[in-house]
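Enquirer: Could you build all of it, start to finish, from the sequences and the hints given here?
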Amino acid sequence: MKTGQLKIKGYCSISNNRVILNDTLLMEDPGSDFSTFLKLAYKKMVTNYPKFFKMDDLSKLGFLAADILLKPMIRDSEMSKNIALVFSNSASSLQTDRKHQESITDRENYFPSPAVFVYTLPNICLGEISIKHRLYSENSFFIFNHFNVAYLHDYAMGLITTEKADEVLCGWVNCDTDDYEAFLYLVSTEGNIEHHKEEIIKLYTTK
Amino acid sequence: MNSTYLSYNNIVSSLGFDSPTVVKNMHEGLSGITLIEDENLFPDPFYASVIDSHYLSKAFKKLGRNGGYTRLEQMMILSLGNIITASGVELTDRVGLILSTTKGNIDCLDPKHHMPPERAYLGTLGHIVKNYFGFATEPIVLSNACVSGLLAIAVGKRFISQGTFDQVFIVGGDVVSNFILSGFNSFQALSPLPCKPYCKQRSGINIGEAAASVLITKDNNNLPAEAVEILGEASCNDANHISGPSRTGEGLYRSILSAFKEAKVGPSHIDYISAHGTATQFNDEMEAIALNRLGLGSVPLNSLKGYFGHTLGASGLVETIVGMHSLYHNTLYSSMGFTELGVSQPLNIITAPTVRNLDCFLKTASGFGGCNTAAVFKKLGS
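Protein sequence lines correspond, in order, to chains A and B.
Anchor point for the first sequence: position 189 equals 189 in our numbering, and the numbering is continuous, going up by one each time.
Anchor point for the second sequence: position 171 equals 378 in our numbering, and the numbering is continuous, going up by one each time.
If you are wondering where the hints come from, they were derived from the structure by calculation, not from laboratory data.
In this text the structure is predicted, and so the values were computed from the model without any measurement.
Mixed in with the good hints there might be a few duds.
[Claimed, not checked] Here are the computed lysine-lysine pairs in the PhoX-like style, where the Cα-Cα straight-line distance is at most 20 Å:
(1) A:K9 / A:K202
(2) B:K468 / A:K81
(3) A:K99 / A:K54
(4) A:K7 / A:K54
(5) A:K99 / B:K319
(6) A:K51 / A:K132
[Stated by the list, open to error] Chain B residues, not near chain A, derived (Cβ > 12 Å throughout):
(7) Y339
(8) V348
(9) H476
(10) P553
[Said to hold, decoys possible] Short, incomplete list of chain B residues facing chain A, as computed with Cβ under 8 Å:
(11) D317
(12) H320
(13) H321
(14) N447
Here a beta-carbon is modelled for each residue, glycine too, at the ideal position from N, C-alpha and C.
Expert: Next up, the structure:
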């Protein structure tokens, strides 16, 4: 069993039309709507992943935040890494659920699409990240009414101390009717920030 | 590390409202899958495993809290209430609550539904269940496609090992809805007939609805006769495709390998495999490949989808609970719907109820997003 205090190796947030990586504002575009902002962030962050455009908004948001955070740390993209993904939010995949519901409500205008339906699960976002970064690791998607630091903290610690994962990418990725927010942090045995509930809350609220 | 156990358990399904009744009906060869004609659910008649609404509301009314609860909430409350009472566990701040569901109250998004669409928030569902019983801790809702139920067991065990809780109640559930049927149909994944997992004539899945509950505890006192120890569990992604399984079964292979490692067992210790077996072409083939890569092709195996349909967020729980009873009765139950092997690798499909000494079983699940979960359970005192 690995012992000792765990650390936070890095964190990334995308909210209020700003992208922040480890205390550094990478970009902002206050005027644009959410989908325009996502496209802009995709370009500016040199994402270069055409599959991105097939994703729903939740997957795009989580994918971008994970990519911005992991890219500088992963040198060999083909090497498999044991980074578990533990995400949470309050709206699950409801934005896409509403879209699928619209396509089946009216019998005269019935057009359910597999390309939409597949995104009616929040963990698809984790699948997208796993494919991009070759992560054959654990995926868990939790739903809480609010960011629940206590559960995420204990769960990430458990995964590393029992050697189920070397590192855990944790956080909150939410898309709802008039709100979006991504905050991800990487729990590791190395880094400069202590993996404490208070520290995580501080990073989450001062972003 | 301390041991953790699966203890009191319940299944609310079309085959009965408690685990012993459900298992007895399975033993007798009954399936809960019937032809349903309901245009509110699907334009054409379809095969599914649906709970009788009159029976459900009659059972729920007995609890003395009429009105104000959705179909899924009634199923979950009935199921969970049963095991909270049976276990006598006091709901202190050391007792967790995990809900496993893929879509929760998704039927409330339909404008025709009598509940407001806000009821579809999964956190709301969590709090309704929490408040009904008076849990002292925040509910944890896990929504991880079709591995949710089995993963919830792994998550519960880990929170206990980590010291967050001493005991965790898990309730899983999903309902048959026009949302789900139209979606799976758009994938051309629905079978026009009762499903036939691993069979040459298989033609896709049937959707089912169920709620199932289990208590996870580290306390080895006050366990029911069918209790099992959780020896090991793991969950690995295919890193391959979001809506189709890996052709090599990579994630499932890794999940089983990793669960075996934690359980300190190998293929020779496994007496029975309760597999996922949705009866789609790709899923069943993928499982056959992954299991054979591990040398598990000759272990007796069933899929229970032919009894319950695919109950989504409940399936992993329902199937694990049946596995517990299978061990307790030393009986392997038939893989309903199977006649002739239709995958490229050998599998030892159970075709008739068989009495045999059983000690240890492997449960697996796989789902959209490329997720896979495996867990190994062992009978107590063996």
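Enquirer: Broken hints, numbered, in rising order?
Expert: 4, 8, 12 and 13
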